[in-house]
Each structure stands twice: as C-alpha cells, then as structure tokens.
Amino acid sequence: MQSALRGLVDESVTIIREVAAEFERPVMLFSGGKDSVVMLHLAARAFAPARVPFPVMHIDTGHNFPEVIEFRDRAVADLDVRLIVGSVQASIDAGRMPDATGPRASRNPLQTITLLDSIAEHKFDAVFGGARRDEERARAKERVYSFRDSFGQWDPKTQRPELWGIYNGRHQPGEHFRIFPLSNWTELDIWRFVEEYDIPLPSIYFAHQRRVFRRDGMWMAESPFLSADADEPVVEQTVRFRTVGDATCTAAIESTASTLTQIIAETAAARVTERGATRADDRISEAGMEDRKKTGYF
Amino acid sequence: MERLRFATVGSVDDGKSTLIGRLLFDSKSIFEDQLEHIEAVSKRRGTDYVDLSLLTDGLRAEREQGITIDVAYRYFATPKRNFIIADCPGHIQYTRNMITGASNVDLAIVLVDARTGIVEQTRRHSLLASLLGVPHLVICVNKMDLVDWSPGVFNRIRDEFEEFAARLSLRDVTFLPISALQGDNVVSRSPNLTWFEGPTLLHHLENVYTASDDNRVDARFPVQYVIRPQRAEHHDYRGYAGRVAGGVFRVGDDIMVLPSGLTTTVTGIDSPNGPLIQAEPNDAATLLLADDLSIARGDMICRPNNRPRQAQSLEAMLCWMDDAAPLQPDRIYSIKHTTKVTRAKVTKVLYRLNISTLHREIEARDLAFNEIGRVELHTTAPLFYDDYHVNRSTGSFILVDEHTGQTCAAGMLLSPRT
Ligand SMILES: Nc1nc2c(ncn2[C@@H]2O[C@H](COP(=O)(O)OP(=O)(O)O)[C@@H](O)[C@H]2O)c(=O)[nH]1
Ligand SMILES: [Mg+2]
Chain A
18 MQSALRGLVD ESVTIIREVA AEFERPVMLF SGGKDSVVML HLAARAFAPA RVPFPVMHID
78 TGHNFPEVIE FRDRAVADLD VRLIVGSVQA SIDAGRMPDA TGPRASRNPL QTITLLDSIA
138 EHKFDAVFGG ARRDEERARA KERVYSFRDS FGQWDPKTQR PELWGIYNGR HQPGEHFRIF
198 PLSNWTELDI WRFVEEYDIP LPSIYFAHQR RVFRRDGMWM AESPFLSADA DEPVVEQTVR
258 FRTVGDATCT AAIESTASTL TQIIAETAAA RVTERGATRA DDRISEAGME DRKKTGYF
Chain B
312 MERLRFATVG SVDDGKSTLI GRLLFDSKSI FEDQLEHIEA VSKRRGTDYV DLSLLTDGLR
372 AEREQGITID VAYRYFATPK RNFIIADCPG HIQYTRNMIT GASNVDLAIV LVDARTGIVE
432 QTRRHSLLAS LLGVPHLVIC VNKMDLVDWS PGVFNRIRDE FEEFAARLSL RDVTFLPISA
492 LQGDNVVSRS PNLTWFEGPT LLHHLENVYT ASDDNRVDAR FPVQYVIRPQ RAEHHDYRGY
552 AGRVAGGVFR VGDDIMVLPS GLTTTVTGID SPNGPLIQAE PNDAATLLLA DDLSIARGDM
612 ICRPNNRPRQ AQSLEAMLCW MDDAAPLQPD RIYSIKHTTK VTRAKVTKVL YRLNISTLHR
672 EIEARDLAFN EIGRVELHTT APLFYDDYHV NRSTGSFILV DEHTGQTCAA GMLLSPRT
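As you go down the protein sequences, you meet chains A and B in turn.
Heads up: the first sequence begins at 18 in the numbering used here, then just goes up one per residue.
Heads up: the second sequence begins at 312 in the numbering used here, then just goes up one per residue.
Heads up, a few of these hints could be off.
[Unchecked claim] Among the chain B residues that face chain A by a calculated CB cut under 7 Å, a handful are:
1) Y384
2) N415
3) H545
4) R549
5) Y644
6) K647
7) T718
Hints are computed from structural coordinates only; laboratory data are not their basis.
The model shown is predicted, which means the values in this text are computed figures rather than measured ones.
We put the beta carbon where it would ideally sit given N, CA and C, even for glycine.
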C-alpha cells in the first residue's frame, strides 16, 4: 500500500508523462511559486535521467519580488529546461490592452491576455498549471485535463467526463488543454514534499524582516510597484509569504517560521486558507475565480 | 499514512453536500474564511442556518439553482487516514459527472432520504457503483431527524435495499442511520440513535479494510513512455516508464512484451522516488530490461506465464455519456484503453439494462444518453485486457467521438459469453 504522499507523486508523474506522450507542444507554467516549483521537480523526476521534454513559461506581470525572479532563473538553469517569458509589459506596449490604473491597480487580471497570446504564438496545445483543487471552490470542480476552446475559455457546465485516470486530450487546432497534475494535492502535501524531497524554494517563503503596511486586513509588502497610502503606516515586521504571485496583490503573513519543520507545523495549524490569507484578487466577488477562469485565467 | 478516496452519491436533495460539509466541519477541516464566506452567503439568501452544502457547491450556476452540477473534490485528514472526497451530483442529466467522481474511488456513500426511501436514483447510482466495481458501499439513511429517529424506518429501508442489491455484484455493504444536518452519527455518536449499535460514519471510513482491493497477482505494465536520454553520460539508458496496473514487478523477473511476445528480464526499476527492488500496483516506475527489444507506448509488459486476454472482438458494459448523439452501431469511435489509442466500432448491442428493474432489454438497437448496455465491439488493433472485475485498470476504456472530441462512453470489459 502506497503512502498518501507517494500516491500523489506517482499520480502526478503519470499525468505529466501522459501529456508528454500525447500532445505535440506542451508547456509548463513556472512562476517560481511553490506549486510550480514542485510541479517542475515532478516533471524532472518523470523523465529522469532524460531532460524534461518541454519548455517552461512564466507569465510575467513585471511586478515581481526580485528574490523570486532570481530563484526562477537559477531553477531553470539547474534543471536544464528552456524558459519562455510572456511579458505583460510587452503586451501593453503592443497595444493588446491598457495598463491597469487607479488607486488599487493590479496587473493580475491582465495576465490572461498575455497568457492566451503566448499560447497562440507558440501554438501550445497543453499548458500545465500548478493549481490545486483545495485552493478555491471553482478549482475544486475542475478536471485534470481541462478543455479550453479557441477563445481559451473554460465552460464549467460542459466538462468532459474523466474516468479511472484515462484522459481524453482530443482537440482541434487552436483549442488547447490546461493540465493540472497537482489537482489532488493540498497545501500541506506541498510542504511535506518540499521537506521529504529536499526541494529549494524562494527565500520569501521563510520568515524574514520586511517593510509592510496593513490593507484590507492583510500585510502588503512595500515595493516599487505598491506603496502605502497616507493613512497606512509602514512598519518593519517578521513575515513570510504563503503564496507568491503578483507583488501588488499577494500579501505576507505574520510568522516566525523559518524552517520547513516550523512551516509544516504552522500550515497544519492554520485556520485560514492560503488564498483567504494572502490574495486580494479572490475577495472581489462570490465567484471571482470562476469568472476569471471562464475567460482563460490560470 | 494511507489514503481513502470516497464519493457521495444518491438522489438530489438526499443530503450529499450537507453530509460532506458536516464531515469537514465536525472533523475541524473547515477554515475560518470558508466558514465566514458560507455564513455570509447563507445570510444573504435568508437561510436561517449555515448551509453547509455551499462548501462544495462552488459554481455560480450551482448556487443559483441550489443543486450540484459537477463533482467537487475536497480533502481532509484525521490522525488515521487521508481522505479525498468526490461530492457527486444527483440529477439524472449529470450522471456522467457522477460516474467521473465514482470511477476510481475505494468507497461510495449512497445517501437515502429516510422519508422517501429507495428511489430511482438510489438504484441507478447503486447499480453504477456495482458496475464500476466500487469495493465498499455505505448506505447512509439520512434525515433520521425527520422520521423520529425510527429504527423501523431504518430497518425497512435496509431490507428494501438488500432485496434490490441481491441482484447486483456488491462486495461489501454497510448500513448507517444518520442526520447530516445536525451531525448525528456522522463524526460522533448520537443520543438520538442509542438503538443503533454500529459505528459512526467517520469511524467506518477510518477503519474500512482496503489493503486487499488491489490486484497484486496478475502483473501488468502498460508502457506509457520510453525514456531515452540523448546525452553522453546516459548513452545506453533505455527505460520503459508507466504505472503498474496490477501485480508486482521485481528486479530479476522474467517478463514478456505484448504484442511482440518477446521475453527478457528486469534488470532494474527506477521511479520518481528513487530506485526500487519491486514495483507494486499504482507505483509509477521505469523498467530497465536486459535485452534491447523494440518496445513502444501502448505495449503491455506482463509475465510469460500470466498473460492478459488478447482480442479485437470484445464484449463490454457500456455507459453512454454523450448528450449530443446516441451510440450508433457501426460508427467508428476512437478508443483509449490503458495507454493505447486505437479505433473501434460497436458491432452489436446485446441488451440494454433497465435501471429500475435490472431487466435486460434485448430488443434495444442503440444506447441513448445515460443508458447502459452490454455490447460487442471490434477494434482495429488487438487490446491486451483483463476482465474489469479482476482489474479495473486493464479492464476499462473510453470511447471518444472523433469529430467532436467528446468522451462519449465508459466501458468495462468482460469475458465473452460462450
Ligand atoms: N432535516 C434534515 N435536513 C437535511 C438533512 N441533510 C440534508 N438536509 C437538507 O436537505 C436539503 C438537500 O441537501 P443537499 O446536501 O443539498 O442534498 P444533495 O442534493 O444530496 O447534495 C438541504 O435543504 C439540507 O439542508 C438532515 O439530516 N436532516
Ligand atoms: Mg449536492
């Protein structure tokens, strides 16, 4: 009988190999965030000692934590994979969409356009994403092989049946699939894997000192892309990040957990979900994620 | 720690989503922000209690209509086990989503409303659980609060189910009285059900014996991917990657490759978790072999003295899942079986199964949306398979419409009747 973690590893590896065998042009989304790091390590293990047979792609809002970009570049070099960067700034410069403006502007929603343009440009037919079903209620409903029409749209009402781990990736040119090998992982599984398999992560996941300010009940990091309003005092706090995304909409949590053992203990005891604790974008509406996914978001 | 996958099935409104909410809530697996969210939504809608079904009914359309449309997956753990839950829809038009959720579970919970007892969908879902070979079934007679916690009602429903189930092939069936709404006999024992001597639902889920559910006898390894590093340091490496579909493969074993029939020996086993001495059911593994044979994706590795069936003319139970078109005999579909994709046509519908009566309707010529029947099919290349009852991995397949790409049927292979 397999341990639960090993069962997850073997399921994910099987999905990754299946896609590599059946699709012509797969790509793996890689942001340097913990889920995508774990997914890329699983891909490396799926094909070892051969190289990962597809490139990775980062959809870059330009509003990054510098530690994460450094980590991203080191990781792709270590694992010997090719990195493609889809730049939101380049999309804005090319007139694909206007930049986000206003007091609470975030480029997070703009990523969808750059993502879909990049998929079309490279003719990718399978796009691996590191999303997990435990993250959010719309994701809890999504298939492992998730069909996207020629507009990149997800239709939650007409998902194909998916039985026994036999996956159907049939599609027409211009359509594609999002593939979620980590569907059945929880946040805690991710951390246990990181510990057991000794996976390096960006430093911002571990407790450190940072200048932050309180906004909407969350600790936002001061950065060149986000500054505090006059009534939002900036303080130096010991924090870490539970998720890593666009710097304008990812919050830090108060934490002194600086080792994996401490982080695992903290995650196991957490009373708030990772997105609830750290993502401004999920607070928009009752179905914020579903609505974004329907138009092609990750 | 072990993992148990289970699904909740049964008719609409029998309490599936509420039960899952209750299990998560009482096992302290609900986060504060999730609870705040469903409290706020419940209040906005004027519900006077917290509607726990909102925990799984996460789509806009589901909340608008107050129903479950597609499977939701939820995760929780107790000190004893890790659980993956698939909350399935009850409506007949979403049966294919129910099948999606129930196809690979270890256990299914069939919810029955104590007031209405066994209804059409209870029978349909139990039949599907039986056809899908779900190893363990739990019949939860729910809403006991609405029938005065009556042991008579519980016993009557149990007798009625047993009579129906006698004609199904269910291996292990357990009956439990519960009230999902208040949590009676879900996680803790209930003062309202003192007459009931069996376990709570959670206790049963934590202790049901699943170790013997895998087929550990018939060694089967569908080749998924050939690993050949084009790099100097691994010049001679050639590994056959896949997931063990049955039995155990050990270093030193003699193996046979199908369709070629060539034999060789396992010299090593790699895996994502490092080298192995033996690979067991469900392990992802890469087999290294003594001889350099021509082996490709879709081939089957087995033991020379224990081979799967091999045929192009097959019989199967088929669940038709395409709402756009019925099964058309003699039309060509794409078939995916283990890692092999080929083409198939159904040459004959032997009978359609009447879901309420289990009667075999031999006059049937096709299968419409949500119908189930036994068929003969013919494939363009031979399949290497086992009876579905013996091996769920090598006994299952899907049919795909070559034009629309839709997954239109789920099939379970059976030995031909002689
Ligand atoms: N009185 C009572 N009502 C229940 C119980 N379980 C569920 N319900 C109610 O039955 C209705 C349908 O429940 P739901 O979980 O959505 O059913 P589903 O369609 O099977 O998922 C809801 O209004 C629940 O509050 C129970 O044990 N007792
Ligand atoms: Mg429901």
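The hints, checked one at a time:
Checking Y384 (chain B) against chain A: minimum C-beta separation of about 5 Å stays under 7 Å; hint holds. Annotation: interface hint on N415 (chain B) holds; nearest CB of chain A at approximately 5 Å, less than 7 Å. The restraint placing H545 (chain B) at the interface with chain A holds, with a minimum CB-CB distance near 5 Å, inside the 7 Å limit. The beta carbon of R549 (chain B) is not positioned within 7 Å of any beta carbon in chain A (closest approach about 10 Å), and the interface hint is therefore violated.
For the restraint placing Y644 (chain B) at the interface with chain A, the shortest Cβ-Cβ distance is roughly 11 Å, beyond the 7 Å limit, so the hint is violated. Hint status for K647 (chain B): holds, given a least beta-carbon distance of 5 Å to chain A, under 7 Å. For T718 (chain B), the suggested interface contact is upheld, since its CB lies about 5 Å from the closest CB of chain A, less than 7 Å.
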